[in-house]
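Q: Here are the chains, one letter per residue:
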Amino acid sequence: MSQTDLYTLVGSALFVIGLYALMTRPHLLHKVLALNISSSGVFFVLVGIARRVGGPVPDPLPHAMVLTGIVVTVSSTAFALALAKRIYTETGTAALDAADVDVGESLGG
Amino acid sequence: MTSSGWFFDILLVATLVWLAVRALAEVKLFKSVVLFIAFGLLVALAWVRLSAPDIALAEAAIGAGITGALLLDAAGHMRGRAEPYPASPDAEGASGGDTDG
Amino acid sequence: MGKVTAKSPIAVRVAALAICAGVGALLARAVLAIPETEPGLAPLVDANLAVSGVKNAVTAVLLNFRGYDTLLEIAVLVLATIGVLSLSVTQTGTWDPIAAQADPVLSALARFLAPVMILVSGYLLWAGEHAPGGAFQAGSVLGAAGVLLALSGYARPIWVSRFALRAAISVGFVVFLATAIGEMLAGGLLLEYPADLAKTLMLVVETWLTVSIGAILISLFIASASPAEELRRRSGGGE
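Chains as they are written, first to last, in the working numbering: chain A, 1 to 109; chain V, 1001 to 1101; chain H, 2001 to 2239.
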């Protein structure tokens, strides 16, 4: 087990944790948090993969991708939060009513 | 890698996963956000462990700083009003279906 | 929309758990299947670092080798900012100080820290040529300085007009695109820096990118943090 394995596995775990919360948590703020944690998981996998070069200096290409990814994540988070706050203002709640959704519908089938 | 390095890595990733689970399982929005900010700070530490100082710099300013401020602000707005629906219908014992308008 | 009982979330949760377990198992398999050592594109980057104009490999990838990605990325940032500004009711990008009566300690701390953060931002921009740093880190610190000021109750300075803020948001993308097209007009390819001018051009692009990223992050915060009460009042009465 190398450091690459450790961090790519944890990245996968974080991605799945975020995915699960995205599907099951009704509150929009939790969904935004879930997306952020999922994207952290993706970044862990990318940076973990960058460690495989063997030498002390990792592959800079995934690093550059993650750097742009972080900045894109914050901008999409801001946009999502602006939308969520607007929904809250218009409807009085930012929680999607879980009981109001068909099981089949929420699973896309 | 040295054994102390391994110890630190494993402690770090275990804390990260724990914080992620806690942040998403927490019912109170404010606590969720604070746990997420802690998560973001530790992620910056993980970038240093993975020899990615470029990313760590950006993460410390953005992941914990600006994202945290945005989320705290959003949580404040959403909590500031009495909600017709509990903050988390997902909580145990919450009965959904009677409050939709 | 079919109504189901309050127990339905449990069914949803079980299904979600099954999906996530499957995805997680596949992901774990995939990441463990990748070769232990694999040079990737690192040798290619090393070989061309000398002609890139900078000594920091990450900056070289961001601004030179994969400049196309960075150009599109700043475009995404500008688009997201336009979206947030459109949703903001005030549309002015002004900040209604939630902390108008900010306590003097916070206020003094912000006044002391903000110039230091701007200085750090400038240093990071310059250091990005040979050390960890660059436009993204510098812009992030600049944005954080702005958010700190906003949170401490400092409003947008009067000399920063709405137009100036919008210009700052878009200037990075515009300069980057102009540079890219200029290189093409000068006989090269899109985003192909002439070797002797590479360092200068990249520094110019990075400087404006820093300004833009800082302005974008500040705007994202200020515009999205428009007061909920006002939002409620306007949407309740205006539509």
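Any given hint could turn out to be false.
[Unchecked claim] Simulated DEER-style distance windows between Cβ atoms:
no., chain 1, residue 1, chain 2, residue 2, range
1, H, L2017, A, P56, 32 to 42 Å
2, H, A2195, V, G1076, 43 to 53 Å
3, H, A2164, V, V1048, 16 to 26 Å
4, V, V1027, H, W2126, 42 to 52 Å
5, H, L2190, V, G1076, 39 to 49 Å
6, H, N2048, A, S2, 23 to 33 Å
7, H, A2050, A, P56, 32 to 42 Å
8, V, F1007, H, L2032, 21 to 31 Å
9, H, A2050, A, S2, 49 to 59 Å
10, V, S1004, H, A2028, 23 to 33 Å
[Said to hold, decoys possible] Looking from chain V toward chain A, a few residues come up when the C-beta cut is under 7 Å (computed):
no., residue
11, L1019
12, L1024
13, V1027
14, V1034
15, I1037
16, L1050
17, A1058
18, L1070
19, G1076
20, H1077
For the record, the hints were derived by calculation from the structure and aren't laboratory data. Computed from a prediction, not measured in an experiment: that's the story for all the values here. The beta carbon of each residue, even a glycine, is placed where N, CA and C say it ideally should be.
Q: Each hint: holds or not?
A: Results of checking the hints against the structure:
1. L2017/H / P56/A: 32 to 42 Å: This hint holds: roughly 40 Å between Cβ atoms.
2. A2195/H / G1076/V: 43 to 53 Å: holds, 52 Å
3. A2164/H / V1048/V: 16 to 26 Å: violated, 37 Å
4. V1027/V / W2126/H: 42 to 52 Å: holds, 46 Å
5. L2190/H / G1076/V: 39 to 49 Å: With a Cβ separation near 45 Å, L2190/H and G1076/V satisfy 39 to 49 Å, so the hint holds.
6. N2048/H / S2/A: 23 to 33 Å: Roughly 28 Å apart at Cβ, these two residues keep to the hinted range, so it holds.
7. A2050/H / P56/A: 32 to 42 Å: For P56/A against A2050/H, whose Cβ atoms are near 20 Å apart, the range 32 to 42 Å is violated.
8. F1007/V / L2032/H: 21 to 31 Å: holds, 22 Å
9. A2050/H / S2/A: 49 to 59 Å: Given a distance of about 31 Å, which is not inside 49 to 59 Å, the answer is violated.
10. S1004/V / A2028/H: 23 to 33 Å: holds, 26 Å
11. L1019: Hint violated; L1019/V Cβ to chain A Cβ min 9 Å, cut 7 Å.
12. L1024: holds, 4 Å
13. V1027: violated, 9 Å
14. V1034: Status violated, d = 11 Å.
15. I1037: Where the cut-off is 7 Å and the nearest Cβ of chain A is about 10 Å from I1037/V, the hint is violated.
16. L1050: holds, 5 Å
17. A1058: With a minimum Cβ separation of about 5 Å from chain A (threshold 7 Å), the hint on A1058/V holds.
18. L1070: holds, 6 Å
19. G1076: violated, 10 Å
20. H1077: holds, 5 Å
In this structure, the hints that do not hold are numbers 3, 7, 9, 11, 13, 14, 15 and 19, in rising order.
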